[in-house]
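Undergrad: Residues per chain are reported as follows:
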Amino acid sequence: MKTFKIGGVHPHDNKLAAGRRFEPVPLPKEAIIQLNQHIGAPAVPVVEPGEEVKVGQLIAKANGFVSANIHSSVSGKVTKIDEIIDAWGAHQPAIFIEVEGDVWMPDIDISGKFKPTCNLSADEIKRKIADAGIVGLGGACFPTHVKLNPPKEHVIDTLIVNGVECEPYLTPNHRLMIEKGEEIMVGVQILMRALGVDTALIGIECNKRDAIEELERIAARKEGIRIVPLKMKYPQGGEKQLIQALTGREVKSGQLPSSTGVVVQNVATVFAVYEAVQLNKPLIEMYMSVCGKEMEQNGNFRARIGCSVNDVVNMIGGMPEVTGKIIAGGPMMGRAMIHLNTPVTKRTTGITFISQKSAPRFASSPCIRCGRCIQACPMGLEPYLLYKKALQKDWDFMEAHHIMDCMECGCCTFTCPSRQPLLDFVRLGKATVAANIRKRKS
Amino acid sequence: MNKLITPAPHIHSGDSVTKRMGYVILALLPAWGISIWQFGLGALAVTLISIASCVLFEFLIQRFLLKRPNSTGDLSAVVTGLLLAFNLPSNLPFWIVIIGALVAIGIGKMSFGGIGSNPFNPALVGRVFLLISFPAQMTSWPLAGQGFAHYMDAETGATPLAQLASQGLSPDLMDLLIGRIGGSLGEVSAIALLVGGLFLLATGTIRYYIPVSIMATVALFTGILHACGIGADPLTHLLTGGLLLGALFMATDYATSPMTKLGQVIYGIGIGIITVLIREFGIYPEGMSFAILLMNAVTPLLNHLTPKRFGGN
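Order-wise, the sequence lines are chains S and Y. In terms of the numbering used here, the first sequence is residues 1 to 442. In terms of the numbering used here, the second sequence is residues 443 to 755.
Note that these hints are calculated values from the structure, not bench results. Computed from a prediction, not measured in an experiment: that's the story for all the values here. Some hints could be false.
In silico EDC-like cross-links for lysine to aspartate or glutamate, where the CA-CA straight-line distance does not exceed 16 Å [said to hold, decoys possible]:
1) K445/Y with E321/S
2) K750/Y with D405/S
3) K750/Y with E250/S
4) K77/S with E48/S
5) K80/S with E48/S
6) K80/S with E52/S
7) K54/S with E124/S
8) K445/Y with E98/S
9) K80/S with D102/S
10) K61/S with E153/S
11) K15/S with E321/S
So here's chain S without its partners, still in its complex pose (with noise of 0.2 Å):
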């Protein structure tokens, strides 16, 4: 089975939620939405306080080149623009939206068929997913119709789509190809279209055999789509990991993935697409599953945008008693939540409870030069060596060994015997290099 041929780390999957199918959150009392929930410029709002808005309405405009459309995603009336704290407690501006009965934009599809063909032009279908506001769906959130325009000098030949979910314990993903295969399928032809590509790769990691068993079926009637089962290791989703791995095609340090010939797109992005192009439907819900050791009932969930993710939580009970850490997203690259008061967007893909017991960190040693964190370094760094020079602020050592090419995946600091915060100060030296190439630059 393929895989990534450069480090790498088995954490335990923990995918409680893998047999739980998605249910609907109820629509809420009043919903938040951010206009910030992409990477890039907020968008513009649009709407004024007091207008009435209908579901899949446009409240707020893209904002330069990087930055994406904003929907609302309920039926209501707007009653303030105005700034919230996140549940990293940060400052962001929203709209809020009273919500009133359920009516939908006239043009998007609601009548539950399936709607295989697609006709568009290229640009056509670019355009439409542009319009619905989609980013990539894998925690990234990078407007999807920029990547679909990738620079002209690089010559696109294939489409990978990713449905690796290497991170433990998040399902949408897994549960979206099972229970949405044929949407997905229909969304890959349609991307295929929009870059002018015969193939199509489909990475899914080997512990999802019925997701793969169910795509291999479809795709069996379907030109150029190859379903391709991996093999078990994590960061295999990072972007360049699973170029590697489908294709053996090396993404160069520093150069973008389109330069290999290929363009990624996670598989709940390509259900997005589906949706924007065939049905009319923007980006106004996210799949996102609940999960923790403790929980009585782990979930997955089909939720609103700008819903609370405690309404979320509260369909399986609530958060447990004895959780010690809350988790936006998985527990290798997720964000620890200050509290549930927060609502969805479009990079809500899971919340993660850690107890008590297990959220504290393991006090550290001195480092005893096993070479592990080398060992597991999937871009092939040092993080020892990273962490020691961030310690003596030696900036311009660590941009020497690439420090930029960390994409802060974590396996140096789950790895190491001796428990160091090695991804903290790599981090740390990133940022540092970071501002100094910008200032360089200027």
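Keeping the supplied structure of chain S fixed, place chain Y upon it in accordance with the hints.
TA: Positioned in the frame of chain S, the structure of chain Y alone reads:
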């Protein structure tokens, strides 16, 4: 109740230094068992004295000189004590063992700052110090299989390597495998050491680059010499003296060996070449200790060899 906020990752593999050292201790137990079977009380006494002294010296130095928290719980001092004993004859007087432990832990390890900071393998620092300071006691080897109740009164004789060097006598293969030979107390049984080494490889405690490059180099080099009429055949070289103990357990010490694949291979080749040179052309019958210590000194340089980078040119 406030929730804990820390940067990712939020889970850990559960690996620890104590676990690693525990695996090394487990891997050394078969060889120790053989040693007690062949050399009796002496093997038991020397090993226990060595371990106890190493742990005690580390504790005392941390407590009264460095004034740092007790670190003996990581078991690395136990490993040093075991390995030091494995490199000593089983009839070595207890006070010499204690001096060896003091040098190993005091000079070899703690004077550089303790675990992870020492440039040379502490057990070998102790052994080589004793070899130079007490050459007579350090080269009188008890004969194997004299019964249990012998320590300093054990009857002594030459090791296979010494016999080879002086009389050209080749040892019996079966004796080498099960350890029915004279020698340092932990180095005698090839099978026990290989079992322990395989355990270390299987648990991921060590990687194979260092042991394999050492053994391949020794086999190749002695093979060429043997074909030219110099010295013993490669198999005898691999199974005698401290070669397996050194290749599997001493050269693979984390702090004193290189961290990257390429560095480890070069380091292993270096140890192999120096060992054979000393064995065939030096005044000592065995050269493994010196070879490892010499290559330890090169390790900081070898650590400049960077790993293969993703997307590098």
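Undergrad: Now look at each hint and say whether the structure bears it out.
TA: Against the structure, the hints:
Between K445/Y and E321/S the alpha-carbon distance is near 11 Å, which keeps this suggested pair within the 16 Å criterion. The hinted pair formed by K750/Y and D405/S meets the criterion: a straight-line CA distance of about 13 Å does not exceed 16 Å. Taking the CA atoms of K750/Y and E250/S, the gap is about 13 Å. The hint holds against a cut of 16 Å. For the suggested pair K77/S and E48/S, the alpha carbons sit about 10 Å apart, so the restraint of at most 16 Å is met.
A threshold of 16 Å between alpha carbons decides the hint, and for K80/S with E48/S the separation of about 8 Å falls inside it, so the pair holds. Pair hint K80/S plus E52/S holds up; C-alpha atoms about 12 Å apart against a cutoff of 16 Å. For the hint pairing K54/S with E124/S, the CA-to-CA distance comes to about 24 Å; that exceeds 16 Å, so the pair is violated. Straight-line distance between C-alpha atoms of K445/Y and E98/S comes to about 30 Å, which puts the hinted pair past the 16 Å bound.
Proposed proximity of K80/S and D102/S is contradicted: the alpha carbons are some 20 Å apart, above 16 Å. Pair hint K61/S plus E153/S does not hold up; C-alpha atoms about 29 Å apart against a cutoff of 16 Å. Restraint check for K15/S and E321/S: the C-alpha separation of about 21 Å exceeds 16 Å, so the hint is violated.
Violated hints for the displayed structure, listed by number in ascending order: 7, 8, 9, 10 and 11.
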